[in-house]
Amino acid sequence: DSGVTQTPKHLITATGQRVTLRCSPRSGDLSVYWYQQSLDQGLQFLIQYYNGEERAKGNILERFSAQQFPDLHSELNLSSLELGDSALYFCASSRRTEDTQYFGPGTRLTVL
Amino acid sequence: SQKIEQNSEALNIQEGKTATLTCNYTNYSPAYLQWYRQDPGRGPVFLLLIRENEKEKRKERLKVTFDTTLKQSLFHITASQPADSATYLCALENYGQNFVFGPGTRLSVLP
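So the sequence lines, in the order shown, correspond to chains A and B.
Counting from 1, one number per residue, gives the positions in the first sequence under my numbering.
Counting from 1, one number per residue, gives the positions in the second sequence under my numbering.
Each hint should be verified, as a subset may be incorrect.
What the hints assert, rightly or not - Which bits of chain A does chain B cover? Going by a derived footprint, with three or more residues having C-beta under 8 Å, they are: (1) 42-51; (2) 88-95.
To be verified - Chain A is nowhere near these chain B residues, computed Cβ spacing over 12 Å in every case: (3) Asn7; (4) Asn12; (5) Glu56; (6) Lys63; (7) Thr65; (8) Leu74; (9) Asp84; (10) Ser85; (11) Pro111.
For the record, the hints were derived by calculation from the structure and aren't laboratory data.
For every residue, glycine included, the Cβ atom is placed at its ideal position computed from N, Cα and C.
With the sequences and hints as input, model every part of the structure.
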């Protein structure tokens, strides 16, 4: 158990809908990262937050947004969902940016 | 353009042998590099970190080397066991901003 929690574990929704994925980092970790992993692609970095501020942005679509709250938990919002958004979404946390990342169990999103 | 490659996509070896996985990169200058293990449907788990000024790092049956001239890291698992079967990912530190992960190598250790 990494200490990072993600909810929900599974999410099934329809195209055009909007969903919110939630992540609670390990106690004491200030950095939160979001990744997307689909069958035909590796782990794609989406976005990083550090202590509430956006720190780095990867290949995140405009339909996706994220935030980190004062209690350091983070949410990833996915809107106008398309079939291609079906994937495993991982959250990871670390003490500082340069530290090892600890990954949560992931949320499996299925868009029908 | 920037690229990370892990050769090969899949590797099958016999139990007891040494597995060697490679990670090559182009147009990155990582201060350090990490290796992770990922089991199907689960999040990656950190294994080892090696810095640019370190040639080699060991942890139990695992060994990592880092050659900044060749822009390559090798990951070795000695005396491999079926329980070592998983996908192994290398991750490069990216200018202090985040990590960039390679596509992974799926290792199968056959009994």
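Right, here's what the structure says about each hint:
1. 42-51: It holds: at least three residues are needed, and the stretch 42-51 of chain A offers 4 whose Cβ sits within less than 8 Å of chain B.
2. 88-95: Our answer is that it holds, as 3 residues pass the Cβ test (under 8 Å) against chain B, meeting three.
3. Asn7: Non-interface label on asparagine 7 (chain B) holds, nearest chain A Cβ at 14 Å vs cutoff 12 Å.
4. Asn12: 20 Å, holds
5. Glu56: 19 Å, holds
6. Lys63: 18 Å, holds
7. Thr65: 19 Å, holds
8. Leu74: Check passes; 19 Å lies beyond 12 Å.
9. Asp84: 19 Å, holds
10. Ser85: 18 Å, holds
11. Pro111: 27 Å, holds
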